[in-house]
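Undergrad: One-letter residues, chain by chain:
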Amino acid sequence: MDSCDTPESTPRQRASSRLKDYFIGATPLQKRLESVRRQTSFVPTPSRRKIPQCSQLQEDVDPQKVAFLLHKQWTLYSLTPLYKFSYTNLKEYSKLLGAFIAAEKQKGLAVEVGEDFNIKVIFSALLGMKGTQRDPEAFLVQILSKSQLPSENREGKVLWTGWFCCIFGDSLLETVSEDFTCLPLFLANGAETNTAMIGTWFQKTFDCYFSPLAINAYNLSWMAAMWTACKMDHYMATTEFLWSVPCSPQRLDISYAIHPEDAKALWDSVHKTPGEVTQEEVDLFMDCLYSHFHRHFKIHLSATRLVRVSTSVASAHTDGKIKILCHKYLIGVLAYLTELAIFQIE
Amino acid sequence: MSSQKRVKNSQSQGKPSQSSNSYQTNLSAWKVKEDLSDSKSISKHGQNNPVEDYEHADDKAEDALQIAVRYFEKGPTKTSRSKDKTLEKHLKTVENVAWKNGLAPEGIDVLLNVALSGKFGSAVSTQILKCMIPATLISEDSVVKAVSWLCVGRCSGNTKVLFYRWLVAMFDFIDHKEQINLLYGFFFASLQDDALCPYVCHLLYLLTKKENVKPFRVRKLLDLQAKMGMQPHLQALLSLYKFFAPALISVSLPVRRKIYFKNSENLWKTALLAVRQRNQRPSPEPLKLMLGPANARPVKRKWNSHSVIPVLNSSSCSKECGKKGMSLSDYLSSNGSFPLEQLKSFPQLLQNIHCLELPSQMGAVLNNSLLLHYINCVKDESVLLRLYHWLSQTLQEECIWYKVDNYEHGKEFTNFLDTIIRAECFLQEGFYSCEAFMYKSLPLWDGLCCRSQFLQLVSWIPFSSFSEVKPLLFDHLAQLFFTSTIYFKCSVLQSLKELLQNWLLCLSVDIHVKPVMNSPLETTLGGSMNSVSELIRYVGWLSTTAMRLESNSTFLLHFILDFYEKVCDVYISYNLPLVVLFPPGIFYSALLSLDSSILNQLCYIMHRYRTNLTAAKKNELVQKTKSEFNFSNKTYQEFNHYLTAMVGCLWTSKPFQKGLYIDPEVLEKAGVAQYKSSLNLVYHPALLSYAASFLLQEWPEERTVNLSSIRGKKWNWYLDYLFSEGFQGLKLFIRSSIHRSSVP
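Listed in order, the protein sequences are those of chains W and D. What the first sequence shows, in my numbering, is residues 141 to 486, in sequence order. What the second sequence shows, in my numbering, is residues 5 to 748, in sequence order.
Among the hints, erroneous ones may be present.
To be verified - Capping the alpha-carbon separation at 27 angstroms, the derived lysine-lysine pairs in DSS-like fashion look like this:
#1 K218(D) with K260(W)
#2 K214(D) with K344(W)
#3 K344(W) with K415(D)
#4 K461(W) with K444(D)
#5 K415(D) with K260(W)
Stated by the list, open to error - Looking from chain W toward chain D, a few residues come up when the C-beta cut is under 10 angstroms (computed):
#6 Q170
#7 V176
#8 Y223
#9 L249
#10 L424
Said to hold, decoys possible - Between beta-carbon pairs, the in silico distance windows are:
#11 S636(D) with E318(W): 45 to 51 angstroms
#12 H436(W) with K415(D): 26 to 32 angstroms
#13 G233(D) with S384(W): 49 to 55 angstroms
#14 Q419(W) with T549(D): 32 to 38 angstroms
#15 D310(W) with S555(D): 53 to 59 angstroms
#16 N258(W) with D227(D): 15 to 21 angstroms
#17 D227(D) with Y227(W): 33 to 39 angstroms
#18 K412(W) with T489(D): 50 to 56 angstroms
#19 N380(D) with D408(W): 57 to 63 angstroms
#20 K638(D) with S431(W): 25 to 31 angstroms
#21 Y491(D) with E318(W): 47 to 53 angstroms
#22 Q419(W) with F486(D): 55 to 61 angstroms
No wet-lab data here; the hints were simulated from the structure. Glycine included, every Cβ here is placed at the ideal spot set by N, Cα and C.
Go ahead and model the full structure; you've got the sequences and the hints to work with.
TA: Here's what the structure looks like:
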């Protein structure tokens, strides 16, 4: 199409191009809408998923950094694509965010960017933390406190950590243009006020939007099944479920712990399709647990709400908190969380 | 430092102007100008017009003013006793004129010099400064000259303070600011003076441009801050600096914004009002009124953003930092783009559209009509994507029926939706994010919460394939429709009518841009028409069922016919090849309605259908070529069938001749065995009362009302009577569809 020859014809041309695009589904915006339509019309989401496997790419990841991510409780957020984010400017971002935090801490007093504060912000890339080559690189943001005494170790303790990643985010990647960096999953560890402050800076700087990512009971049972299905060399924790009964004055929590090998045995008995988990298998797995519990305690767990699942692979809470325990399945766990985050931002 | 050099320059410019010579020329120039000008000042003095007393007094005052100004200009005389008296007199004169009508630029020029040169002493300077009220404008030169006096050290500290306060108060009335901006460095240096600092800060706040923000100034301000602590005036200036150069400085302001500057203009408050009134012109951007940002922003509870919609801020470092290897100095020298905060009018937008700095958070455009214009014609998809993501997430986050316990934010959400709808109306286009939001939220909607807003959003769904949208949207809406009150049904029909109108407008614009002949678009157009006709048929189905549910409510029928008033006119009004007739359930309900206005509306719609179909037929014959969009014979047959029924019921008294058989026994039971003659313009249930009052009005002496007497000539009179009662639809229908030869 001609670009605007006469100024007055532009809006009309655009209108027509929109309409045409609509039928071809050409613009990123159209692609997005189509994907939303797909998502909305086929609820629930895919009825089969792969059992997490140890991925090739993960081997490139710095083991020290991975160890840093494990065994910590992370609060989950979904994040819309970052506009004009550049991996070459991480140093610059450290400086700006540092000044921003310093200014926020002493409301009203201005600070110079690049000044020496008693906090330090570090942006660093998490190389190799991705599902496919197309996934953008994950990165980590740390806030460190600097010790006041020069004699002591200058790098003080970590006040706050957050990281951004995208594992198998193809469905999102194909709907945005190149100005955007898609890192739909954000995980934070540290004081909520810090998360809010840093999130605000990101929202202002990269025109993105953070929303807390809750995990509903339906997705928790998927996690339970998928994580139970993972092959483990040795189990580090028992498999535990927590159900909540909404009753007053106090709510009632029912915890249900199973030996991980028993859980695996149960899973193997309901599992049929190799390498995959299906909706029927998830339902069957949970039903078996329910009926077992009912036999003993005469309580229908299906009438309560699943709020937490912990396995040797990871544990997840409905509030959107996650702790990953197993190095081997890190990518697998993150892939599912990325899927949930993408679903939330569509 | 260049700025200081500039100060020196202006100083040297200022000095020679001290000589009374230049004043003299200035003043005489002023007089000549005034003589020529048509303003009501001295010009009248020379003419011998019969002037009213009060104007005469004005002239006298002007005269006295000139003498006073000349007096001040010459400087103090030697004899001290008379000096005091005359000085007082002249001061009084200046004061009176200044507060009454304001001073002309030339007068201010002279008096400002007098005040700042301090030749009458500090007390007089103060008095003069206090009455430096412009009639309309202040010339920039006078200000520059006055500033040059500040460097000579002839005036006291108090006079300086007063001068800065005056400058701030009168800032808007200075005709240009380029020269003054060149003195930026000088003003900045005056920050050192503790007494002046607050006022200089205020002046700088008004004066600062992006190119004035330099790293060394930032450092200086931070030093001052360190020395004086958290001062509101420094805060203000610093936050402005941050706004221009976020990469240099970071400051966070308290949530509740303080008043940064003490009201330094309060000395001249009433005078300023008067000047503004004098200067009042039609507002240059009436658009701003339509979509001004809401001033009162509720404090938001989390993520320390103050409102749902982000505040308009120029794009910060993200864009600049995106370029590789860009240093801070590069950043500062980039002045090619047009800052948002200077964008005030539509012409400005047009001039700078190629280099506009976009807001750092695209959501801010919702509150700015000028930027909405920009959004409307921008080709950059990333702008729309940023808005899409932000809007989708905000809608999802704010939506109150997603939350169990958050109904207290209902008002905020309603306001947010209102803002979105205003923007959509302004753009005449729906947002995709709203459509996506409706897909997700409609199944959970109770039909009550924000009803009016939600239904308005429905009417702005962007044009798309109906069959695709139906399961996501309309099926959910139908569930609510059937289970809700008649008022809800009417509102839904109303918004579907608006939806249809929006779709038709969008398509009719499109069809005229491209020739219909080229083949790929033809199929596209066919697809679009299909989508529209599916929407119309869907509404037809909804309406038919709703009529049954609401037992043929007249109220509901009005809304349904409103919808068909749009439908019947698609071919002519929108120039789109589409005619869809109403379903029989609607047609017969309207035809046999007891309400005369319904019947009238039906007549109008039938008339428009006829006009549209005839036009279509004519075009078909002209084009001859078999086009994809020729209407099937079925449409014509259907219309003719309806038309026959209507003419039968209203005119020929032969209703339902074809295809309808009623058992005579039933008719006998109902007491209308003679039904054939019981349905026409006279006996129609909606018109019966008109027939009766027609007879009563025309023949009041008749003792019985004999309806069957309305025939022949009387029939025609009756028709005229009906038309005069406002049956315009009926009139049009009869004119177009009935040949008067068939008068019974």
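Undergrad: Hint by hint, note whether the structure agrees.
TA: Evaluated hints:
1. Restraint check: the Cα-Cα separation between K218(D) and K260(W) comes to about 25 angstroms, which is no more than 27 angstroms; the hinted pair holds.
2. For the hint pairing K214(D) with K344(W), the CA-to-CA distance comes to about 20 angstroms; that is within 27 angstroms, so the pair holds.
3. Of the pairs offered as hints, the one joining K344(W) and K415(D) holds, with about 25 angstroms between alpha carbons and a cut-off of 27 angstroms not exceeded.
4. Of the supplied pair hints, the one linking K461(W) and K444(D) holds, its CA atoms being roughly 24 angstroms apart against a limit of 27 angstroms.
5. Distance restraint check for K415(D) and K260(W): the Cα-Cα separation of roughly 41 angstroms exceeds the 27 angstroms cut-off, and the hinted pair is therefore not satisfied.
6. With a cut of 10 angstroms, the hint placing Q170(W) at the interface with chain D holds, because the nearest CB-to-CB distance is about 8 angstroms.
7. Taken as an interface hint, V176(W) checks out: its beta carbon lies about 4 angstroms from the nearest beta carbon of chain D, inside 10 angstroms.
8. Proximity of Y223(W) to chain D holds as hinted, the smallest CB-CB distance being about 6 angstroms (cut-off 10 angstroms).
9. At its closest, the beta carbon of L249(W) sits 6 angstroms from a beta carbon of chain D; the interface hint therefore holds under the 10 angstroms criterion.
10. With its C-beta approaching chain D no nearer than about 28 angstroms, L424(W) sits outside the 10 angstroms limit, and its interface hint is violated.
11. Range check, S636(D) to E318(W): Cβ separation about 48 angstroms, and the 45 to 51 angstroms hint holds.
12. A hinted range of 26 to 32 angstroms for the beta carbons of H436(W) and K415(D) is inconsistent with their spacing of about 51 angstroms.
13. A C-beta distance of roughly 51 angstroms is found between G233(D) and S384(W), which places it inside the suggested range of 49 to 55 angstroms.
14. With their beta carbons about 36 angstroms apart, Q419(W) and T549(D) fall inside the hinted range of 32 to 38 angstroms.
15. For the hinted restraint 53 to 59 angstroms between D310(W) and S555(D), the CB-CB distance of approximately 55 angstroms keeps it satisfied.
16. Hint check: N258(W) to D227(D), Cβ distance near 20 angstroms, so the stated range 15 to 21 angstroms holds.
17. Remark: the range hint 33 to 39 angstroms for D227(D) to Y227(W) is upheld by a beta-carbon distance near 36 angstroms.
18. Restraint check, K412(W) to T489(D): a C-beta distance of roughly 51 angstroms satisfies the suggested window 50 to 56 angstroms.
19. Taking 57 to 63 angstroms as the suggested C-beta distance range, the pair N380(D) and D408(W) conforms, at roughly 60 angstroms.
20. At about 60 angstroms, the beta-carbon gap between K638(D) and S431(W) misses the expected band of 25 to 31 angstroms.
21. Restraint check, Y491(D) to E318(W): a C-beta distance of roughly 50 angstroms satisfies the suggested window 47 to 53 angstroms.
22. Under the hint 55 to 61 angstroms, the C-beta atoms of Q419(W) and F486(D), about 32 angstroms apart, miss the expected range.
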